[in-house]
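Student: Here is how the chains run, residue by residue.
There are 2 protein chains.
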Amino acid sequence: MTLETLQAELEHVLEKGEPEEIGHFLDQQNISDVAELIYTVPEHDASIIMYMSIHRASGVFKILETLTQQDIIQKLPPEKTAELLNELPPDDRTSLLEDLPGSVVRELIKLLNPEERKITLSLLGYPENSVGRLMTPDYVYVYENNTVQQVLDVIRRVGKNSETIDVIYVINEKGELLDDIRIREFILASPNQKVLELMDDRVIALNAYADQEEANEAFKMNNRVALPVVSNSNKLLGIVTIDDILWVATEEFSEDIQKIGGTEALDQPYLEISLLQLFKKRVVWIIVLFIGELITISAMHQFEDEIAKVVLLATFIPLIISSGGNSGSQAATLVIQAMALREVSIADWWTIMRREIISGLLLGLTLCILGIAVISIWHSLSHTFGEYYLSVAFTIGISLMGVVLWGTLVGSMLPLILKRLGADPAASSTPFVATLVDVTGLIIYFSVALLILKGKLL
Amino acid sequence: MTLETLQAELEHVLEKGEPEEIGHFLDQQNISDVAELIYTVPEHDASIIMYMSIHRASGVFKILETLTQQDIIQKLPPEKTAELLNELPPDDRTSLLEDLPGSVVRELIKLLNPEERKITLSLLGYPENSVGRLMTPDYVYVYENNTVQQVLDVIRRVGKNSETIDVIYVINEKGELLDDIRIREFILASPNQKVLELMDDRVIALNAYADQEEANEAFKMNNRVALPVVSNSNKLLGIVTIDDILWVATEEFSEDIQKIGGTEALDQPYLEISLLQLFKKRVVWIIVLFIGELITISAMHQFEDEIAKVVLLATFIPLIISSGGNSGSQAATLVIQAMALREVSIADWWTIMRREIISGLLLGLTLCILGIAVISIWHSLSHTFGEYYLSVAFTIGISLMGVVLWGTLVGSMLPLILKRLGADPAASSTPFVATLVDVTGLIIYFSVALLILKGKLL
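Protein chains in written order, with the working numbering: chain A, 57 to 514; chain B, 57 to 514.
Looking at chain A on its own, in the form it has when it is part of the complex:
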């Protein structure tokens, strides 16, 4: 069924206004389709959530965009909000509360039943971007002396409420994690076997205080659908499921991309963010870069006499500084991306520097040769560059060489330096690197010009 027909049907049943029929209609659709419907008819968003059975409503609610979630929470009557919050898996509830202002959070937490309140408050206690914030305490645990039959009984009893029972966790009496066993192992085993016999003692656990990036890495390497989260003393606290990691991965990469492009991370989809917010996220970096670029005025000012003597020199300024910026952007982006994927760390700085010096030399040499060739050919066709055209060509070529090497070096080292200082490497955005290289590019250019053209043109 297409979204259009669904929407038509929804409006049809909404018009008839019979709650039961509306609820029945909505409960028959896919969760992702209902989410789409909410985006198409935002005026009915709260009604749609109201009419659905609470379990499915929570399924829809948790995949909605944050802004839509907040809109719905505002429209729902308090008792329905309470019901919804109580039904949401703890990890989704935590991420909703994280995005709300503190005062609203306090009000909403009051709506939770005491048990859920305790869980939420404890999840909110972990640092932002930590594994603790992603975990859910809805998991199934058994003891090593249980039999397979006992485990199956436990699954039947608590399975309905647990976020994932594809994996069962084995703990001891102290609550320490011993092993994780996929549910299929229990189905394949005979009912009288002990859990102990199924254990392989190869358990991968995440620390609740670890960075969410680590969780991403662990999932990629270990082929699991859920990983257990433990305290510093190896006590089992909860689990993280792989679908939450997919969201985290997307979010982290989006933030990196936006920072590389020279804006603050948007936090919201492009079309949903208000124009004022969009402006705010961009203007800060635009102003910072502008102020950085003001230094070029000073630099240019120093060379005004030279430009006055040889106006031709001004002609090549955009070419020279852009080439530095381009090579710097390349190097910075490659290093930022490699750091994000943990392919390189600060400790590799010397290897990276060596590689980038060679790359910079090669790229610089390429542009040097190309520059000299282009100017020579250009001159032979149109006699644009005057008597000393060859000296001019070599000035440009050697400057390109220097600027590209310098740009590559700055671009590759800046993310590492930022990381070392505790800042986000992605903040060394391509515009930032380009701006940094502009000033030094001018100095390199005019120094080379003075050296080569002294006594000829200057």
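Quick caveat, the hints were computed from the structure, so don't treat them as lab data. Fair warning: there could be bad hints in the mix.
As the list makes no split between identical chains, a pair holds if one copy fits it or if it spans any two.
[Stated by the list, open to error] Pairs of lysine-lysine, DSS-like flavour, derived with a Cα cap of 30 Å:
#1 K337 x K276
#2 K136 x K276
#3 K337 x K174
#4 K131 x K276
#5 K166 x K118
#6 K72 x K365
Place chain B on chain A using the hints.
Tutor: The following block gives chain B in isolation, referenced to the frame of chain A:
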């Protein structure tokens, strides 16, 4: 146990040289630890794979970097390669073969047993980046008339070989997909119930020819660990598991980031790619951008008379063109990222353009005011900018306004235009946009200067 102790122990058992002991030692370690060991002692990589039990060897092998995989394949004796290839899950085998040269692939496919060969060849038949290339045919299917007891028997019989039996697929006699049911449902149900009774008819399936990005989206929205893949006629062909999607997501984002930074996608980790390859991936764009930037020489050449008259004008060139480049980079990156996440599509071009015109006006106005203020204050402190300093200030301010608006517009529309032309939007990298905006920035600047300074300085 730390990696160092593991490595010491490994070298100890390797020295003793008793195959059984080595195998036993390796089989006791975590798969991810063994992978780490292989990276630490690359000279033993093939031996480590040789000594492990074949099932675990394949588990390690499939999470290794492509280069290491290829290195191992080269070192292993053919019969061991055959054993390993046959043991690898079909999706991992396909992705290994994809990265090898055609002649090697033909040799390796010969090593497969007929059944595995058929599977591999069929997976290789789907277009690159399609869901078909990710799928594995190792799934468990049942019919709607089966009882729960029958299903559990099927699971016990075939479960050992299936990549994931967390989800069971219901098909009809024609092989068409009817529903997917999580294994927990069968454990929670009574043995005499029919599969039919457990079905909710809400199945999300991926088309084998769909783009892998769609699979990513479907997983994020639907909270599943595996999704079924169907043909155009809804026949069940295989399944895709979420861990493969995590790899795809990382890869796609890395490619986008690298392209945004103005290089070709590296395909390999930064430290593993050879310097020559690294140079090749970068030099193409550096040359393209250089050639684009050559146009600035022509543009500057047109304005040499003006610069000769008012050298001061040259002073502001880097500031003006960089501001255009910066605003263009921001806009391009935001749109590329929103397109990658499918938040916007070509159809939204008008909405995007409206938003970017307003953003560009606001950002331009900010820099305009800032520029006029800075030059006025600067002049009042140092009398740098001569008699007509206010006219100069307005020239710079209005030029900034125009250049930023233009940069924002070009940056936001270029990814959409590239997409429309069938190219990758991420190719409208920040250096590319900056270069495009440089030429037009110069023209805007000198046109404004002629307009305002005519009769005063010009």
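Student: Tell me, please, which holds for K166 and K118 at an alpha-carbon limit of 30 Å: within, between, both or neither?
Tutor: within (20 Å within a copy, 48 Å between copies)
Student: If the cutoff is 30 Å on CA atoms, where do K72 and K365 land: within, between, both or neither? Let me know, please.
Tutor: Classified as neither: same-chain Cα gap 84 Å, cross-chain 78 Å, threshold 30 Å.
Student: For K136 and K276, with the copy left unspecified, which applies at a CA distance of at most 30 Å: within, between, both, or neither?
Tutor: Cα proximity of K136 and K276: across copies only (26 Å, versus 38 Å in one copy).
Student: Evaluate K337 and K276 at a C-alpha cut-off of 30 Å and name the case that applies: within, between, both or neither.
Tutor: Classified as between: cross-chain Cα gap 26 Å, same-chain 32 Å, threshold 30 Å.
Student: Within a copy, between copies, both or neither: which one fits K131 and K276 at a CA-CA cutoff of 30 Å?
Tutor: Classified as between: cross-chain Cα gap 26 Å, same-chain 40 Å, threshold 30 Å.
Student: If the cutoff is 30 Å on CA atoms, where do K337 and K174 land: within, between, both or neither? Let me know, please.
Tutor: Answer is neither: 35 Å inside a copy and 53 Å across each miss the 30 Å cutoff.
When the structure is compared with the earlier hints, violations turn up for hints 3, 6 and for no others.
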